[in-house]
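Starting from the known structure of chain A, fit chain B onto it as the hints suggest.
Those sequence lines, one after another, are chains A and B. Numbered per our numbering, the first sequence spans residues 1 to 114. Numbered per our numbering, the second sequence spans residues 1 to 112.
Hints in this document: simulated from the structure, not taken from any laboratory. It is possible that some hints are incorrect.
Said to hold, decoys possible - Capping the alpha-carbon separation at 16 angstroms, the derived lysine to aspartate or glutamate pairs in EDC-like fashion look like this:
| hint | chain 1 | residue 1 | chain 2 | residue 2 |
| --- | --- | --- | --- | --- |
| 1 | B | Lys70 | B | Asp55 |
| 2 | B | Lys99 | A | Asp30 |
| 3 | B | Lys99 | A | Asp56 |
| 4 | B | Lys99 | A | Asp57 |
| 5 | B | Lys73 | B | Glu44 |
| 6 | B | Lys3 | A | Glu18 |
| 7 | B | Lys99 | A | Glu62 |
| 8 | A | Lys78 | A | Glu14 |
| 9 | B | Lys99 | A | Glu44 |
| 10 | A | Lys78 | A | Asp30 |
What follows is each chain in one-letter form.
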Amino acid sequence: DAGVIQSPRHEVTEMGQEVTLRCKPISGHDYLFWYRQTMMRGLELLIYFNNNVPIDDSGMPEDRFSAKMPNASFSTLKIQPSEPRDSAVYFCASSLIQGQETQYFGPGTRLLVL
Amino acid sequence: AQKITQTQPGMFVQEKEAVTLDCTYDTSDPSYGLFWYKQPSSGEMIFLIYQGSYDQQNATEGRYSLNFQKARKSANLVISASQLGDSAMYFCAFFNDYKLSFGAGTTVTVRA
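If we strip away everything but chain A, and leave its shape as in the complex, we get:
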């Protein structure tokens, strides 16, 4: 079975540009999570969805960040406009149910904003 798929794996962009990160969760998983990993702040939860509906976006750093899940097999995280401090690894994860269910992570997208 395919795991969580993320694209692109690497992204280099210039400050001010729009960045879109994509995620395909494991088929049948009802929950989808977006995380950001930096040296300074470690792994942080940005937002999570249940059945395509955003449940908690309290971790989204500011209005420049937005996330959507138009269907059960696709989600995007958009940064507009991007800034150098957004440089990080962005992970998508999915789980079958909430509660104590294991979250399975995608390979991550390494974003560098120049």
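Using the frame of chain A, we list chain B on its own:
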């Protein structure tokens, strides 16, 4: 917010020996979960083991075992018979209130 602490930024272990990675947490909730993930240099996050707060026995998965001491609020990971491929960053994560909170991580380097 839940607090999860990994006090060991880095550790060295000899191949074939066991290593214990510390993890403590702070919560007043009775129901929660504790996870350990491995992040090798390639960057992916790999699930290793899970312990529920109501589980009576310590979790084990192959060479991984979790030393869960609920009263002390600790959930240490034990890796037995270390292999060179175990060299990686290891994260403890606390699950509660629908959220997973990660510790700062411990880097393990296995020496031949």
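Going through the hints against the structure:
For the hint pairing Lys70(B) with Asp55(B), the CA-to-CA distance comes to about 10 angstroms; that is within 16 angstroms, so the pair holds. Note on Lys99(B) and Asp30(A): the hinted pairing holds, with a Cα-Cα distance of about 15 angstroms set against a maximum of 16 angstroms. Distance hint between Lys99(B) and Asp56(A) is fulfilled; the C-alpha atoms sit about 9 angstroms from each other, no more than 16 angstroms. Only pairs whose Cα atoms come within 16 angstroms are accepted, and Lys99(B) paired with Asp57(A) is accepted, the gap being roughly 11 angstroms.
Between the alpha carbons of Lys73(B) and Glu44(B) the distance comes to roughly 28 angstroms, so the proposed pair goes past 16 angstroms and is violated. For a cut-off of 16 angstroms, the pair hint linking Lys3(B) to Glu18(A) is broken: about 34 angstroms separates their Cα positions. Restraint check: the Cα-Cα separation between Lys99(B) and Glu62(A) comes to about 19 angstroms, which exceeds 16 angstroms; the hinted pair is violated. The straight-line distance between the Cα atoms of Lys78(A) and Glu14(A) is roughly 15 angstroms, inside the 16 angstroms bound, and the hint therefore holds.
Distance restraint check for Lys99(B) and Glu44(A): the Cα-Cα separation of roughly 10 angstroms lies within the 16 angstroms cut-off, and the hinted pair is therefore satisfied. Distance check on the hinted pair: Lys78(A) and Asp30(A) sit about 21 angstroms apart at the alpha-carbon level, beyond 16 angstroms; violated.
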